[in-house]
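**Student:** Sequence:
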Amino acid sequence: MTRNTYYLDKNVHFKHISAERKWIDLRLGEVWRYRDLILLFTRRSFALTYKQTILGPIWLFLNPFLTSIMYSLVFGRIAGISTDGVPMLLFYLCSNAIWNYSSSCVTSNAHTFTSNSGLFGKVYFPRLTVPLSQVLAFVIRFSIQMSMVLVILIWYWAHGQIHPHIWALLVIPLSLVQLGLMGMGVGIIISSMTTKYRDLSILVGFGMQLWMYGTPVVYPLSQLPDGWIRSLSLLNPVTMPVELFRYAVLGTGTLQPVSLVWSWGFTLLALFLGIIVFNHVEKTFLDTV
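All residue numbers for the sequence shown refer to the numbering used here, where the first residue is 3 and numbers rise by one.
Among these hints, one or two may not hold up.
[Stated by the list, open to error] Cut-off 25 angstroms, straight-line C-alpha distance, at most; resulting in silico cross-link-like pairs (SDA-like, lysine to any residue):
1. Lys124 - Leu41
2. Lys124 - Leu39
3. Lys198 - Leu275
[Said to hold, decoys possible] Here are the simulated distance ranges between beta carbons:
4. Pro59 - Phe208: 22 to 30 angstroms
5. Trp34 - His165: 22 to 30 angstroms
6. Gln163 - Ala49: 34 to 42 angstroms
7. Ile60 - Asp38: 39 to 47 angstroms
8. Leu152 - Leu271: 31 to 39 angstroms
9. Thr69 - Leu257: 24 to 32 angstroms
10. Leu50 - Pro175: 19 to 27 angstroms
11. Leu270 - Ala160: 17 to 25 angstroms
Since the hints were derived computationally from the structure, they do not count as laboratory data.
Glycine included, each C-beta is placed from N, C-alpha and C at the ideal position.
Starting from the given sequences, assemble the full structure and let the hints guide the process.
**Tutor:** Right, dumping it as C-alpha coordinates:
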(Lines of atoms letter the chains of each structure in order from A and count residues from 1; the text may use other names and numbers.)
(Lines give C-alpha, C1' and ligand atoms only; values in the text may rest on other atoms or scores of the structure.)
Protein backbone atom coordinates (compact mmCIF):
# COMPACT_ATOMS: atom_id res chain seq x y z
CA MET A 1 0.00 0.00 0.00
CA THR A 2 1.31 3.41 -0.93
CA ARG A 3 1.42 5.94 1.87
CA ASN A 4 0.86 9.57 0.91
CA THR A 5 2.82 12.04 2.97
CA TYR A 6 1.73 15.70 3.11
CA TYR A 7 3.99 18.51 4.20
CA LEU A 8 2.76 21.88 5.43
CA ASP A 9 4.88 24.78 4.26
CA LYS A 10 5.71 26.99 7.22
CA ASN A 11 5.63 30.04 4.96
CA VAL A 12 1.96 29.49 4.11
CA HIS A 13 -0.44 31.39 6.36
CA PHE A 14 -4.11 30.60 6.68
CA LYS A 15 -6.68 33.15 7.75
CA HIS A 16 -10.09 32.24 9.05
CA ILE A 17 -12.79 34.63 7.88
CA SER A 18 -16.01 34.67 9.86
CA ALA A 19 -19.10 36.86 9.99
CA GLU A 20 -19.10 36.55 13.76
CA ARG A 21 -17.58 39.66 15.27
CA LYS A 22 -18.17 41.92 18.20
CA TRP A 23 -19.76 45.34 17.80
CA ILE A 24 -16.56 47.14 18.80
CA ASP A 25 -14.26 44.88 16.77
CA LEU A 26 -12.97 47.60 14.40
CA ARG A 27 -10.14 45.56 12.82
CA LEU A 28 -8.19 48.67 11.88
CA GLY A 29 -5.00 46.64 11.64
CA GLU A 30 -6.56 44.60 8.85
CA VAL A 31 -7.49 47.80 7.01
CA TRP A 32 -3.88 48.95 7.23
CA ARG A 33 -2.65 45.66 5.73
CA TYR A 34 -4.87 46.34 2.72
CA ARG A 35 -3.49 49.85 2.18
CA ASP A 36 -2.43 48.96 -1.36
CA LEU A 37 -6.06 48.18 -2.14
CA ILE A 38 -7.07 51.58 -0.74
CA LEU A 39 -4.70 53.27 -3.20
CA LEU A 40 -6.08 51.13 -6.03
CA PHE A 41 -9.66 52.12 -5.18
CA THR A 42 -8.58 55.75 -4.92
CA ARG A 43 -7.16 55.74 -8.45
CA ARG A 44 -10.26 53.94 -9.71
CA SER A 45 -12.61 56.45 -8.10
CA PHE A 46 -10.69 59.42 -9.49
CA ALA A 47 -10.41 57.93 -13.00
CA LEU A 48 -14.04 56.83 -13.33
CA THR A 49 -15.39 60.28 -12.45
CA TYR A 50 -14.17 61.85 -15.69
CA LYS A 51 -14.12 58.78 -17.92
CA GLN A 52 -15.80 59.29 -21.31
CA THR A 53 -16.11 63.07 -20.82
CA ILE A 54 -15.06 65.65 -23.38
CA LEU A 55 -13.28 68.04 -21.03
CA GLY A 56 -12.13 65.42 -18.53
CA PRO A 57 -10.30 66.82 -15.46
CA ILE A 58 -10.88 70.37 -16.74
CA TRP A 59 -14.25 70.10 -14.99
CA LEU A 60 -12.32 70.26 -11.72
CA PHE A 61 -11.56 73.89 -12.54
CA LEU A 62 -14.55 74.84 -14.66
CA ASN A 63 -17.28 73.71 -12.29
CA PRO A 64 -16.17 75.64 -9.15
CA PHE A 65 -15.18 78.67 -11.24
CA LEU A 66 -18.61 79.00 -12.88
CA THR A 67 -20.35 78.30 -9.57
CA SER A 68 -18.32 81.02 -7.84
CA ILE A 69 -19.21 83.53 -10.56
CA MET A 70 -22.89 82.70 -10.11
CA TYR A 71 -22.62 83.08 -6.32
CA SER A 72 -20.87 86.42 -6.79
CA LEU A 73 -23.74 87.68 -8.93
CA VAL A 74 -26.62 86.29 -6.86
CA PHE A 75 -25.39 86.57 -3.28
CA GLY A 76 -22.84 89.34 -3.74
CA ARG A 77 -24.35 91.75 -6.24
CA ILE A 78 -28.09 91.07 -6.01
CA ALA A 79 -28.48 90.03 -2.34
CA GLY A 80 -25.66 92.34 -1.23
CA ILE A 81 -24.12 89.87 1.23
CA SER A 82 -20.77 91.10 2.53
CA THR A 83 -17.64 88.98 2.21
CA ASP A 84 -15.70 90.85 4.94
CA GLY A 85 -13.68 92.85 2.43
CA VAL A 86 -12.45 89.79 0.54
CA PRO A 87 -12.89 89.91 -3.28
CA MET A 88 -16.11 88.04 -4.02
CA LEU A 89 -14.68 85.66 -6.60
CA LEU A 90 -11.86 84.56 -4.31
CA PHE A 91 -14.20 84.29 -1.30
CA TYR A 92 -16.60 81.97 -3.10
CA LEU A 93 -13.83 79.95 -4.74
CA CYS A 94 -12.38 79.14 -1.32
CA SER A 95 -15.79 78.49 0.20
CA ASN A 96 -16.83 76.21 -2.66
CA ALA A 97 -13.58 74.27 -2.52
CA ILE A 98 -13.82 73.38 1.17
CA TRP A 99 -17.58 72.79 1.12
CA ASN A 100 -17.52 70.62 -2.00
CA TYR A 101 -14.84 68.50 -0.40
CA SER A 102 -16.87 68.09 2.80
CA SER A 103 -20.20 67.40 1.10
CA SER A 104 -18.66 65.01 -1.45
CA CYS A 105 -17.19 62.89 1.36
CA VAL A 106 -20.70 62.52 2.78
CA THR A 107 -22.65 61.90 -0.44
CA SER A 108 -20.17 59.46 -1.97
CA ASN A 109 -19.94 57.35 1.19
CA ALA A 110 -23.71 57.46 1.63
CA HIS A 111 -23.98 55.01 -1.31
CA THR A 112 -21.16 52.66 -0.29
CA PHE A 113 -23.27 49.53 0.10
CA THR A 114 -25.69 50.08 -2.78
CA SER A 115 -22.98 51.12 -5.25
CA ASN A 116 -20.58 48.30 -4.40
CA SER A 117 -22.97 45.45 -3.65
CA GLY A 118 -21.75 43.48 -6.68
CA LEU A 119 -18.12 43.76 -5.62
CA PHE A 120 -18.83 43.05 -1.95
CA GLY A 121 -20.70 39.87 -2.87
CA LYS A 122 -17.83 38.35 -4.87
CA VAL A 123 -14.65 38.66 -2.83
CA TYR A 124 -13.60 39.39 0.71
CA PHE A 125 -11.62 42.45 1.70
CA PRO A 126 -12.05 44.97 4.52
CA ARG A 127 -15.10 46.98 3.48
CA LEU A 128 -13.77 50.12 5.15
CA THR A 129 -11.18 50.39 2.39
CA VAL A 130 -13.91 51.69 0.06
CA PRO A 131 -15.03 54.74 2.10
CA LEU A 132 -11.40 55.52 2.95
CA SER A 133 -10.49 55.51 -0.73
CA GLN A 134 -13.41 57.84 -1.47
CA VAL A 135 -12.08 60.39 1.01
CA LEU A 136 -8.56 60.16 -0.44
CA ALA A 137 -9.93 60.67 -3.96
CA PHE A 138 -11.65 63.88 -2.87
CA VAL A 139 -8.47 65.07 -1.16
CA ILE A 140 -6.78 64.82 -4.58
CA ARG A 141 -9.61 66.73 -6.26
CA PHE A 142 -9.50 69.40 -3.58
CA SER A 143 -5.75 69.81 -4.04
CA ILE A 144 -6.17 70.21 -7.80
CA GLN A 145 -8.93 72.80 -7.37
CA MET A 146 -6.83 74.73 -4.85
CA SER A 147 -4.09 75.11 -7.46
CA MET A 148 -6.46 77.38 -9.40
CA VAL A 149 -7.43 79.21 -6.21
CA LEU A 150 -3.75 79.67 -5.36
CA VAL A 151 -3.06 81.48 -8.64
CA ILE A 152 -5.92 83.94 -8.07
CA LEU A 153 -4.99 84.29 -4.40
CA ILE A 154 -1.39 85.25 -5.20
CA TRP A 155 -2.64 87.93 -7.62
CA TYR A 156 -4.88 89.54 -5.00
CA TRP A 157 -2.18 89.13 -2.34
CA ALA A 158 0.35 90.89 -4.53
CA HIS A 159 -2.08 93.81 -4.89
CA GLY A 160 -2.62 94.01 -1.13
CA GLN A 161 -6.33 93.07 -1.21
CA ILE A 162 -5.98 90.07 1.10
CA HIS A 163 -3.64 89.23 3.97
CA PRO A 164 -3.46 85.46 4.61
CA HIS A 165 -2.27 84.18 7.99
CA ILE A 166 0.80 82.25 6.90
CA TRP A 167 1.25 80.47 10.22
CA ALA A 168 -2.37 79.25 10.12
CA LEU A 169 -1.85 77.53 6.76
CA LEU A 170 -0.41 74.62 8.73
CA VAL A 171 -3.87 73.79 10.09
CA ILE A 172 -5.37 73.27 6.61
CA PRO A 173 -4.29 69.59 6.43
CA LEU A 174 -5.81 69.11 9.89
CA SER A 175 -9.10 70.62 8.68
CA LEU A 176 -9.07 68.30 5.66
CA VAL A 177 -8.53 65.29 7.91
CA GLN A 178 -11.36 66.37 10.18
CA LEU A 179 -13.87 67.01 7.38
CA GLY A 180 -12.85 63.77 5.65
CA LEU A 181 -13.37 61.72 8.81
CA MET A 182 -16.64 63.51 9.56
CA GLY A 183 -17.91 62.97 6.03
CA MET A 184 -16.92 59.31 6.12
CA GLY A 185 -18.58 58.77 9.50
CA VAL A 186 -21.86 60.46 8.56
CA GLY A 187 -21.80 58.92 5.09
CA ILE A 188 -21.37 55.31 6.18
CA ILE A 189 -24.08 55.72 8.82
CA ILE A 190 -26.46 56.81 6.05
CA SER A 191 -25.18 54.01 3.82
CA SER A 192 -25.84 51.44 6.53
CA MET A 193 -29.41 52.70 6.91
CA THR A 194 -30.14 52.86 3.17
CA THR A 195 -29.69 49.10 2.86
CA LYS A 196 -33.20 48.83 4.32
CA TYR A 197 -34.64 52.31 3.83
CA ARG A 198 -33.98 53.48 0.28
CA ASP A 199 -35.81 56.78 0.89
CA LEU A 200 -32.75 58.05 2.74
CA SER A 201 -30.65 57.93 -0.44
CA ILE A 202 -33.14 60.28 -2.08
CA LEU A 203 -33.02 62.69 0.85
CA VAL A 204 -29.21 62.91 0.87
CA GLY A 205 -28.99 65.47 -1.93
CA PHE A 206 -31.77 67.62 -0.45
CA GLY A 207 -30.26 67.34 3.02
CA MET A 208 -26.85 68.45 1.79
CA GLN A 209 -28.38 71.56 0.21
CA LEU A 210 -30.00 72.49 3.51
CA TRP A 211 -26.72 71.77 5.31
CA MET A 212 -24.87 74.11 2.94
CA TYR A 213 -27.18 77.05 3.66
CA GLY A 214 -26.85 76.32 7.36
CA THR A 215 -23.07 76.55 6.97
CA PRO A 216 -21.27 79.88 6.36
CA VAL A 217 -20.40 79.07 2.76
CA VAL A 218 -22.13 81.83 0.79
CA TYR A 219 -21.79 84.21 3.72
CA PRO A 220 -19.23 84.71 6.49
CA LEU A 221 -20.13 83.87 10.08
CA SER A 222 -19.55 87.51 11.05
CA GLN A 223 -22.68 88.49 9.09
CA LEU A 224 -24.97 86.52 11.39
CA PRO A 225 -26.45 88.62 14.23
CA ASP A 226 -26.05 87.57 17.83
CA GLY A 227 -28.90 85.33 18.89
CA TRP A 228 -30.31 81.89 18.24
CA ILE A 229 -29.38 81.90 14.53
CA ARG A 230 -25.70 82.46 15.29
CA SER A 231 -25.79 79.91 18.12
CA LEU A 232 -27.41 77.37 15.82
CA SER A 233 -24.75 77.98 13.20
CA LEU A 234 -22.01 77.43 15.79
CA LEU A 235 -23.57 74.06 16.60
CA ASN A 236 -23.07 73.08 12.97
CA PRO A 237 -19.91 70.90 13.09
CA VAL A 238 -18.80 72.11 9.64
CA THR A 239 -18.93 75.82 10.54
CA MET A 240 -15.61 76.05 12.37
CA PRO A 241 -13.55 74.06 9.82
CA VAL A 242 -14.87 76.33 7.05
CA GLU A 243 -14.16 79.49 9.04
CA LEU A 244 -10.73 78.20 10.03
CA PHE A 245 -9.91 77.45 6.41
CA ARG A 246 -10.88 80.97 5.29
CA TYR A 247 -9.04 82.47 8.27
CA ALA A 248 -5.84 80.80 7.11
CA VAL A 249 -6.20 81.37 3.37
CA LEU A 250 -8.00 84.73 3.20
CA GLY A 251 -7.02 86.26 6.53
CA THR A 252 -10.64 86.74 7.65
CA GLY A 253 -12.76 84.43 9.74
CA THR A 254 -14.49 84.08 13.09
CA LEU A 255 -12.93 81.47 15.36
CA GLN A 256 -14.71 80.10 18.44
CA PRO A 257 -12.58 77.63 20.45
CA VAL A 258 -15.63 76.07 22.15
CA SER A 259 -17.32 75.49 18.80
CA LEU A 260 -14.10 74.04 17.39
CA VAL A 261 -13.87 71.54 20.26
CA TRP A 262 -17.51 70.59 19.72
CA SER A 263 -16.83 70.11 16.02
CA TRP A 264 -13.99 67.69 16.72
CA GLY A 265 -16.10 65.87 19.30
CA PHE A 266 -18.88 65.41 16.77
CA THR A 267 -16.36 64.19 14.18
CA LEU A 268 -14.89 61.51 16.42
CA LEU A 269 -18.32 60.39 17.64
CA ALA A 270 -19.74 60.17 14.11
CA LEU A 271 -16.67 58.24 12.93
CA PHE A 272 -16.78 55.79 15.85
CA LEU A 273 -20.52 55.14 15.56
CA GLY A 274 -20.26 54.95 11.78
CA ILE A 275 -17.58 52.25 11.85
CA ILE A 276 -19.49 50.22 14.45
CA VAL A 277 -22.77 50.35 12.49
CA PHE A 278 -20.93 49.75 9.21
CA ASN A 279 -19.22 46.62 10.55
CA HIS A 280 -22.52 45.30 11.89
CA VAL A 281 -24.50 45.89 8.69
CA GLU A 282 -21.86 44.51 6.31
CA LYS A 283 -22.61 40.97 7.55
CA THR A 284 -26.22 40.96 6.32
CA PHE A 285 -26.61 43.79 3.83
CA LEU A 286 -26.51 41.45 0.80
CA ASP A 287 -29.83 39.99 1.99
CA THR A 288 -31.54 43.38 1.74
CA VAL A 289 -29.74 45.30 -1.03
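**Student:** Is the distance from the Cβ of Leu152 to the Cβ of Leu271 consistent with 31 to 39 angstroms?
**Tutor:** Since the Cβ atoms of Leu152 and Leu271 sit about 34 angstroms apart, the hinted range of 31 to 39 angstroms holds.
**Student:** Please test the hint of 17 to 25 angstroms on the beta carbon pair from Leu270 and Ala160.
**Tutor:** For Leu270 and Ala160 the Cβ distance comes to about 40 angstroms; the hint is violated.
**Student:** Given a hint of 19 to 27 angstroms, does the C-beta separation of Leu50 and Pro175 actually sit inside it?
**Tutor:** holds, 26 angstroms
**Student:** That 22 to 30 angstroms hint for Trp34 and His165 (C-beta), does it hold up?
**Tutor:** violated, 41 angstroms
**Student:** Falls inside 34 to 42 angstroms, the C-beta gap from Gln163 to Ala49?
**Tutor:** Check passed, 38 angstroms falls within 34 to 42 angstroms.
**Student:** Is Lys124 within 25 angstroms of Leu41, Cα to Cα?
**Tutor:** holds, 20 angstroms
**Student:** Has the hinted range 24 to 32 angstroms been met by the Cβ atoms of Thr69 and Leu257?
**Tutor:** Between Thr69 and Leu257, where Cβ atoms are some 26 angstroms apart, the hint holds.
**Student:** Given the hinted pair Lys124 and Leu39, is their Cα-Cα distance within 25 angstroms?
**Tutor:** Distance ~16 angstroms between Lys124 and Leu39 Cα, so the pair holds.
**Student:** Could you see if the CB distance from Pro59 to Phe208 stays within 22 to 30 angstroms?
**Tutor:** Since Pro59 and Phe208 have Cβ atoms about 28 angstroms apart, the given range 22 to 30 angstroms holds.
**Student:** Is the hinted pair Lys198 and Leu275 satisfied, with a Cα-Cα distance of at most 25 angstroms?
**Tutor:** holds, 18 angstroms
**Student:** Note whether the CB distance of Ile60 and Asp38 lies within 39 to 47 angstroms or breaks it.
**Tutor:** violated, 30 angstroms
Hint check: violations occur at hints 5, 7 and 11; the rest are consistent with the structure.
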